[in-house]
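Chains as they are written, first to last, in the working numbering: chain A, 738 to 1114; chain B, 58 to 159; chain C, 865 to 1092.
Careful: at least some of the hints might be erroneous.
As the list claims (entries may be wrong) - Not close to chain A: a few residues of chain C, all C-beta gaps over 12 Å, as computed:
hint: 1; residue: Asn870
hint: 2; residue: Gly925
hint: 3; residue: Leu1052
Claimed, not checked - Result set (DSBU-like, lysine-lysine): computed pairs, CA atoms no more than 30 Å apart in a straight line:
hint: 4; chain 1: B; residue 1: Lys62; chain 2: A; residue 2: Lys1061
hint: 5; chain 1: A; residue 1: Lys743; chain 2: B; residue 2: Lys62
hint: 6; chain 1: A; residue 1: Lys743; chain 2: A; residue 2: Lys996
hint: 7; chain 1: A; residue 1: Lys1069; chain 2: B; residue 2: Lys62
hint: 8; chain 1: A; residue 1: Lys820; chain 2: B; residue 2: Lys103
hint: 9; chain 1: B; residue 1: Lys62; chain 2: A; residue 2: Lys759
Claimed, not checked - Restraint-style ranges between C-beta atoms, simulated for each label pair:
hint: 10; chain 1: A; residue 1: Ile1054; chain 2: B; residue 2: Arg104; range: 24 to 32 Å
hint: 11; chain 1: A; residue 1: Arg1005; chain 2: C; residue 2: Arg1051; range: 32 to 40 Å
hint: 12; chain 1: A; residue 1: Val1090; chain 2: C; residue 2: His1036; range: 23 to 31 Å
hint: 13; chain 1: B; residue 1: Ala75; chain 2: A; residue 2: Ala890; range: 58 to 66 Å
hint: 14; chain 1: A; residue 1: Leu756; chain 2: C; residue 2: Phe941; range: 32 to 40 Å
hint: 15; chain 1: B; residue 1: Ala92; chain 2: A; residue 2: Lys876; range: 21 to 29 Å
Keep in mind that the hints were calculated from the coordinates and are not lab data. This one's a predicted model, so the numbers in the text were calculated from it and none came from an experiment. Cβ coordinates follow ideal geometry from the N, Cα and C atoms, glycine included.
Here's the letter readout for the chains.
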Amino acid sequence: MGSIEKQRSIIDFTLASLLRRKGKNAAFLAVYTLVVFSLASVMFFSQALRKEAVALLADAPELVVQRMVAGRHDLIPLSYVEKIRDIRGVRAVRGRLWGYYYDSLSGANYTLLVPEGFTWGAGNIAVGQGVARSSMAVKGDVMPFRTYDGRLARLRVAGVLPSSTELVSSDLILLSAEDFRILFGVPRRVATDLSVEVANPAEISTIARKIAMMLPDTRPIAREEILRTYDAVFNWRSGILLLILSGALLAFIIFAWDKAAGLSSEERKEIGILKAIGWDTGDVLAMKLWEGASVSLTAFLAGVILAYLHVFTTSAILFEPVLKGWSVLYPKFRLTPYIDLAQLAALFFLTVVPYAVATIIPAWRAATVDPDAVMRG
Amino acid sequence: MSLRKSTVFLSLLALGLASVAAIMAQSALSGRGAAPDIIEKRGMVKRLALTDLVLFTDARYTRHPAMSDLHAPFQDHPLSLEHFPSGSLMAPPPNVRAYGKH
Amino acid sequence: MIELLNVHKTFNQGKPNEHVAIRDVTLAIASRRITVLKGPSGSGKTTLLSILGGMARPTAGRILLFGREITSLPERFLTEIRRGTFGFIFQHFNLVMGISVLENVMLPAYPRGESHLLLRQRALALLKMFGLAARSAAPVEGLSGGEMQRVAIARALINDPQVIIADEPTAHLDTGLSAEFMEQMARLREEGKTIIMASHDPLVCEAAIVNRVVEMRDGRLSAAGVLP
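Chain A extracted, bound-state conformation:
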């Protein structure tokens, strides 16, 4: 009981001491919190997106077969469909029609896709929410398109895809196969790529190999690779943004060390007084350590909680300009919160531990001030 009470008393004094230079310490705390907030936001956002991507794309096509010409993705002949279908284990093969359309009016890039079983009929399209926003089209409107041979095609918006699916559908324009071919001039005997349905998921890699051997100009992409792409792409360690933040973090740690290392004569005298009235070196050291701990723990918790709110309730609104980049279209979505111990531990070791290391020697030096000097006035 005695030592808890002792630590609490020391904390009382430490806090009173910090409150003395309210403005300076508040500013320091604010900067520290900001550093934690930035790092935590990046980490939470990319980790949550990573998990969400892997969850959402669990039902992506088992195999996608692309044709490569001179290292480039080229259109694939539909005659390949028969050959692939004959491979044992393949349940179905379908030619996929999809491509990009740049709308010069809005400056947005749309993804045009012909789904299996397009129910709205020729001349109609279904658009994602992002398309509706950037083209300002509503259900019933007619959207103009420039075809590959310079003509104008008019397609009617028969439906808008639900806003809850924006993360996967925001820039989509669904249309019929005939309209697709009219727009892009893609002949009937080819498709953009092929999607292959495999009965047994364990056989996907075998079948992929067989396809690659049988059709050497193709590149099969397995669902596993799709998932791996997203798993790796949002690994937070990669990215220039993090490099910049690491620089900021390092600068902050150096600043913290510098601040702690400079023992002013005022502070020296005060520690002398404390020792003269009965505090020993251990008590003064405890006080200095509590000083560091109170600031860093407060900054850490505040930064983490604010980052959580930032990423999961405002969908990382501060990152939007960076994420949007040069694109005109950006989806509106709410990420499912995902925070685990590993992320928090990493954040703790990045933000609190270096601060502790940087301030521990100055703290010890402060604690060993001689009380004798105080007696001399």
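Chain A is already provided as a structure; the job is to place chains B and C on it using the hints.
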């Protein structure tokens, strides 16, 4: 003011830790696949045979990183440097990096 | 009772600015008495006070506190003993700025880890005794010289020490406050405390209540003596 400073501080600290613990618990228990909006999106992915999320619509290889080939990032010139802002957040997809290995 | 036996104190030993503050001092301080160390500045009386109060260690010689040798005790134990046995009143009061009067008085007791409530009550009782109860929450910067002096004394008393050590206590006080201070010391002696003061103020040295004056010059006792 009869409330000790250490009481206030330690209470706030406890509150903060409890909040963080609650956040972690919620993440662990929410069961990623079960949420209705995830199910809805997954359904759409299956129906439309989608392969990528709509995030970066500035370029082909940023919109469809899972489908991108070696040529897409270097479409302007073999030595063209990264010029899309989204590149600062997103690393090149592994299927592009591992050339020759499919 | 505090005994010093052949105590020497040298600062910066071996360096070019070596300074011998105390030379071969043998002294016994009687309990429940007011002892004054008298001498000009540079005579070593402040250093002697530090050593008597366990704040500094002698370079040579021995110190006995109530018969127990404390010369080479480790810092932690020495501080613990000092905390409970001595109360210091400094020349410039040396109160901690930026915190309240009450917090200043409670400060020496923090490392003891006693119940905060009890400590607070004791501190308030002391302040009441000195007529400062109303100013307990005030920051110390706003106090007058006399008020600061009383807070300094209250602080020295918080751990109920047996010995009070005061270094030039009247240096920044007028005649009225100086007399008040000496009266306070007399009262404390009646309560059973031992008082040791260093001063060259005649008001202190020639006060009637003083039991013994020890004169110092150049680090030596000029009118030394063992127990009278």
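Evaluated hints:
Listed as a non-interface residue, C/Asn870 keeps its Cβ farther than 12 Å from every Cβ of chain A; the least gap is roughly 21 Å. Every Cβ of chain A is farther than 12 Å from the Cβ of C/Gly925; the closest lies at roughly 17 Å, confirming the non-interface assignment. With a least beta-carbon separation of about 17 Å from chain A, C/Leu1052 lies farther than 12 Å from that chain, consistent with its non-interface assignment. As the CA atoms of B/Lys62 and A/Lys1061 are separated by approximately 45 Å, the hinted pair breaks the 30 Å bound.
Taking the CA atoms of A/Lys743 and B/Lys62, the gap is about 14 Å. The hint holds against a cut of 30 Å. Distance restraint check for A/Lys743 and A/Lys996: the Cα-Cα separation of roughly 27 Å lies within the 30 Å cut-off, and the hinted pair is therefore satisfied. Restraint check for A/Lys1069 and B/Lys62: the C-alpha separation of about 44 Å exceeds 30 Å, so the hint is violated. With a CA separation close to 24 Å, the supplied pair A/Lys820 and B/Lys103 stays within the 30 Å bound.
A C-alpha spacing of about 14 Å is found between B/Lys62 and A/Lys759, which places the hinted pair at or below 30 Å, so the restraint holds. The beta-carbon spacing between A/Ile1054 and B/Arg104, approximately 31 Å, falls within the hinted interval of 24 to 32 Å. At about 35 Å, the CB distance of A/Arg1005 to C/Arg1051 agrees with the hint of 32 to 40 Å. Separated by about 48 Å at the C-beta atoms, A/Val1090 and C/His1036 break the suggested range of 23 to 31 Å.
Between B/Ala75 and A/Ala890 the Cβ separation comes to about 59 Å, which falls inside the hinted range of 58 to 66 Å. Distance hint for A/Leu756 and C/Phe941: a CB-CB separation of about 33 Å, consistent with the stated range 32 to 40 Å. As the Cβ distance of B/Ala92 to A/Lys876 is approximately 28 Å, the hint placing it in 21 to 29 Å holds.
In this structure, the hints that do not hold are numbers 4, 7 and 12, in rising order.
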